[in-house]
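Participant: Residue numbers (our numbering), protein chains in the order written: chain A, 1 to 91; chain B, 1001 to 1398.
Read the hints as simulated data drawn from the structure, not as lab findings. Not one of these hints is a red herring.
Straight-line distance between alpha carbons at most 20 Å, and here's what the computed DMTMM-like set of lysine to aspartate or glutamate pairs gives:
1) K5(A) / E1362(B)
2) K5(A) / D1354(B)
3) K1218(B) / E1206(B)
4) K1364(B) / D79(A)
5) K37(A) / E17(A)
6) K1364(B) / D62(A)
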Amino acid sequence: MPTIKVPPVLRPQTDGEAEVSVDGGTVGDALRALADKHPGTRDQLFSPEGDLNRYVNVYLNDEDVRVLSGLDTSASEADTVVILPAMAGGS
Amino acid sequence: MATETLEQIKERIKQVSPQETKAALESGRAVLIDTRDAVNRQDARIEGDHYAPAGQGANEAHSEEFAQRVEEATGDRETPVILYCGAGNRSAVAADVLEKEHGFKDVASMKGGLTLWEIQNLPVVIPEGMSPEQRNRYSRHTLLPEVGVEGQLKMLNAKVLLIGAGGLGAPAALYLAAAGIGTIGLVDDDEVDESNLQRQVIHNTERVGQPKTESARKTIEALNPDVDVVEHRTRLDASNVLEIIGDYDLIVDGADNFPTRYLLNDASVRLRKPVVSASILAFDGQVSTFVPFEGPCYRCLYPTPPPAELAPSCGAAGVLGVMAGVMGLLQANEVIKLAAGIGEPLIGRLLLYDSLGTRFTELKVRRDPECPICGPAAAEIPESELGKFPDYELFCAQ
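So here's chain A without its partners, still in its complex pose:
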């Protein structure tokens, strides 16, 4: 069961949880499991067609899944899936 690190901006949808353990053989499975567990995250992660939204970066440990196998990247118990949104604040 990989761990998903939830960014602060999504934590209201996960009842404040910063780390969520989910079932998942792949990164896609893990994120879909998260969306099943916390439906408020679904629209923010996935498009209506079920693809990952372009503005959401997802990392398996420290590597962007875009350079791995995307949502099909394997995610094991020892892995961490990091959801990373862009932040604009600087003031």
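Starting from the known structure of chain A, fit chain B onto it as the hints suggest.
Facilitator: Leaving out everything else, chain B in the frame of chain A:
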């Protein structure tokens, strides 16, 4: 075994005269090493030398670190090396140690040291460009072998532009000014508000209502008169970005909205200006360094901005005051490394900081081969299109 005297050591080791040293250096036959303390090196040194301090009485010459520093200059332990110091004593002991304990095959000490060299009217390099006051002010920098006078002069000659004199810009500007960055430009059209003072520590209560660039300039001038502050009381847009950033060597992105960040990215890639970019919100921060074509650009990392509900501004969601300090100073750290040419900047690395857990996470950022701005197939876009997305409606997360 009785302790050897200095004379006995000098009898045994090879000593060369200043003239012989000069000839060896010019012909490339030997590598010259200065073994003095950093503070002496600031006054005068021999051109073409390398630096490996041997410590008081050469007591640090016994360390492997010393041997490695010498080997960094020579490449191996066979190349002829000549050591020098002020008077030829420390270098003699260090030469002996280098031979007996570290296995260097061809070591000599310059007889009479730099003192004799100068008496014989041989040329020395005196670091120019720093007044006695500056030597004192920046002494804690120049004492660091990695920085030295050379690194400090690079900082004094650097021109750094800060986008935003607010949360990130304030601490970054303060420490860059303290460090002696010679020219600091500030882009901000806002005025100081009391709610800024929880984190924008370059301003203060007396400055409420004043333009932020003016307030920042006053603080910087009082801190370090060496710094030339250039105020740009405006917002960056496609019509002015290239002109404004063109005068600077390095840029600090402390903007508070996506349109400015993307605009800055597109323009800085066009002009090949490195950007140190950070962002903060609530208890979290991100920082990375974008050097065009050497590493990824902002668009490689974030090809598309998120919708407003996923990117609130600090004004809407709040931010812990110290977050501005932590991330702004990490930006300043990056600028100093780039300006002085030291260390390893965050190129291709995104550093995340969570202040509630006091945890850092590092993620890899790679160049996107399909990046419309810095990818190999990227077409040059007209100035009016800088920062824009043809298929996406821009918004402002205010």
